[in-house]
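Chains as they are written, first to last, in the numbering used here: chain E, 505 to 895; chain U, 58 to 357.
Computed cross-link-like contacts, SDA-like style, restricted to lysine to any residue with a CA-CA straight-line distance of at most 25 Å: (1) K596/E with V331/U; (2) K596/E with R249/U; (3) K339/U with A351/U; (4) K596/E with F232/U; (5) K596/E with A139/U; (6) K596/E with K339/U; (7) K228/U with L135/U; (8) K596/E with A328/U; (9) K596/E with V253/U; (10) K339/U with R594/E; (11) K596/E with H340/U.
Some residues of chain E that are not near chain U, with every Cβ distance over 10 Å (derived): (12) V587; (13) R665; (14) L843; (15) A848; (16) P863; (17) R874; (18) D880.
Since the hints were made in silico from the structure, they are not lab data. Given the structure is predicted, the values throughout are model-derived calculations rather than measurements. Beta carbons: idealized from backbone N, C-alpha and C, even for Gly.
Listed here are the chains, written in short residue letters.
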Amino acid sequence: MFPLAALPYTDTVVVLGALVLGLTSGVLGTFAVLRQRSLVGDAVAHSTLPGVCVAFLVAGVKDVPGLLVGAAVAGLVAALLMVGIERTGRIKPDTAIGVVLSGFFSLGVVLLTHIASTADADQAGLENYLFGQAAGLLASDVVVMAVLGGVALLVVGALRRALTTTLFDSSYAGSIGLPVRALEVLMTGLLVVAVVIGVRVVGAILMVAMLVVPTVVARQLADRFTYVLPLAGVVGAVVGITGSLLATRAALPTGPVIVLVGFSIAVAAVLLAPGRGVLWRASRLANRRRRVLRDAVLVSPGAPMRSVGDRMARASLRRSGLLDDHGLTPAGHRAADELADRRALWSAWLEHGALVDLPDAREPDPTDLRGSLGDDAVAQLRLLSAGGRRG
Amino acid sequence: MGDAVLGDSIVIIVVAGLVATACGLLGPFLVLRRIALLSDAVSHAVLPGIVAVWLVWQTRAPLPVVVGAAAFAVLCVLGIDALRASGLMASDAAIALVFPALFSLGVLGVTRFADGIHLDLDSTIYGEIAFVPFDAIDLGGGVGVARAGVTLAVVVVLNLLLVTLLWKELKATTFDPAFGATVRLRPQLLSRLLLVAVAVTAVSAFEAVGAILVVTMLIVPAATAYLLTDRLVVMVALAVGVGWVGAIAGHSLAIAYDSSIAGAMGLVCAACFVLALLLSPKHGLLTRRLRRRAGVASAP
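Use the sequences and the hints to build the structure in full.
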C-alpha cells in the first residue's frame, strides 16, 4: 500500500480497481482458457449490449444498478445459450460463441437504433458501455467489484476439487457422481460475473485480455493446475497494477495500457519461460544437433566434411583439444571410446533392459545411462550383454 | 423519387449480397477449422492500421485506409498463426492474445495523436451500409456504380478463384491436415492463404457495411449450413444462400421497422440458424426428438 500513498485519490481508486479486476478475472479466466473457450468472455461482453438497452427501455433512465442488472441477465442468457448450442453436438464451441456473439450484438445494434429514434437525449452514450471508462471509476464501484469478486473466488476455493475434475475429465467427474452440468453452468456463471464487473470499467476488448493473458503466462510457468490457478490470479493483479500505474504516469487511457502490458508479459513468457519457452526449446534443440554432429566426427574423424555444421563441430573439437591435423588426439581417442561404450550400453539396455533388476522405477536417459539408472544396473547390463554374446 | 429509393434499396441489397457471397465462400472453412472467431479478431485488429494511415498521411481516403487496415489484418492473422504453431496454446487463446493488443494500440493512437479529429470507433466498427449508395464512382458510360459494390465484386471473384482452384487442397487440409501434409499439400501455406483471404475480405467489407455484419456473415450462415448438410460443396452453397436470405429479408425488416439495416440482417441470419438448429432434417433438436419418439412408438 505504501507506494500508493503518493498517488492522488482518483488514481489510487483506479489502481485498486485494476488490482481487483486482474485478480478475479485471472482466476476465473483459467477455467475458460483451459477448456479452449477463451473467447467466451468476448461474446458475453458483447452480449451485454441488448441487456443494457432493454434495461434502459424498461427503466427509462440511465441509472447504473439497473443497467448492470440488465447486462448481467443478458450475459448469463448468452453464456447459457452457448453451452446449450454446444451441447447439441453438431456445432463446435468456437462457432457457438461466434453465433451467439453476432446474434446478440445485432440485436443490441437494432435496439440502439430503436432507442435513438424514440427516446430523448438521455440515451446518448449508451453504447459507450461496451468501451468502458476506467478513469470514471468510483470508490463504491471498487467495493462492489471487490465483494462480487471475493464471493466468486471463495466459491472457486470451496469447490476447487470438483471444478478441477470437471474441467479436465468431465466423463470421469460424472461417473463419480459430481453434478457435471451444474458445475459447468457454475463455471460459466462465474465468468459472467467477472465480465459484467469488468466491462463497465475497462471495456469488452480489454476484458478478453484480462481473462486470457494471466492463464497463458501462468501455464508457461507451471505445470500443475493447483499452481496455475493462484499464479494466474497473481499475474492478473500484477498486470492490472503495472498497467494502471504506467497509464496514470503517462496520462494515457488505462484500459489499452493494461492490455499492452499484459500482451508484452505474455509474449515474454511464451519466448522465455524456463523449459517451455520458445527460445529455451530452440536452444535445447540446437545443443542436441551440435552434440550429434560432434559425436559423428568422433566416431569417424576421417570422413569428408559435408556441411557447415560438420565444419563447426570439427572446430569445436579442435578447440577442446580432441582433434588435430593428424586426426584424434589421445584425449580424443578417450572421448571416442567413452562414446562407443555409452552407445553399447544403450543397445544393451534396449536388448536386455527387461531383465535388469531395479530397486524402483527409473527413467533411462540415453545420453547418461549410468547417471539415470545407477552403477548397479549398469554392472548388471554389462554382465547380461557379455552373457548374451557368449550364448 | 420513388425510383431513387427503390434504386438505393437494390444497391444496398446487392452490396450486402456480395458481402454474403464473399463471406459464404470462406466461412465454411473457418467453421470447419474451428477458427470462426478469427473474423471477430480481424474486425478489431484493423484499427491501428487506420490510425497509422491517418497519422502518417493525414487522410481518410478509402484506398490508403484499406491498405493500412489490410496490413494490420494480415499481421493479426499471421501473429495468431505463429503463436498457435508454437504449440504452447490453443488457437482460441492465440486469437484472444493478439487482437486486444492490436486494438489497444489503435485506441492509444486515437487518444494520443488523433484526438479531436473525426476518427471515432463508430466509423470503423459500425460502418454504415445505408450510406453505400451515396458513394458512387463512374465506370465509364456515365453510369454511376456504388464504389463498395465494385470493390466487393472484385473480392468475390478473388475468393471464388481461390476456393475453386484450390478446392481439393483446401478440403483435404481442412478435414485432415496430417493427410494433407503426407501428400505434400502444404497445409500451413494453405491455412495462411485462407487467413489472408479472410483478412482481405473482412477489410474490404468493413468499410462498406461495418464490422458486425461481416463477422455475422462469416460465421452464422456457415454454421446454419453445417447443420443442414454433410457435404462441403452443399455447405458452401447453402452458406451463400443463407447470407442472401439475411440480406434481402433483413433489408425489408429494417425498412419496415426503421431500424439498423446491418443489425436486422444479422438478426435474420441468427433466426435462420435457430430454425436450422431446431428443424434440420438430420441434426435438428426437434426432428431428433420426434425421430426418437417415433422409434420408441414403432418398437414392439
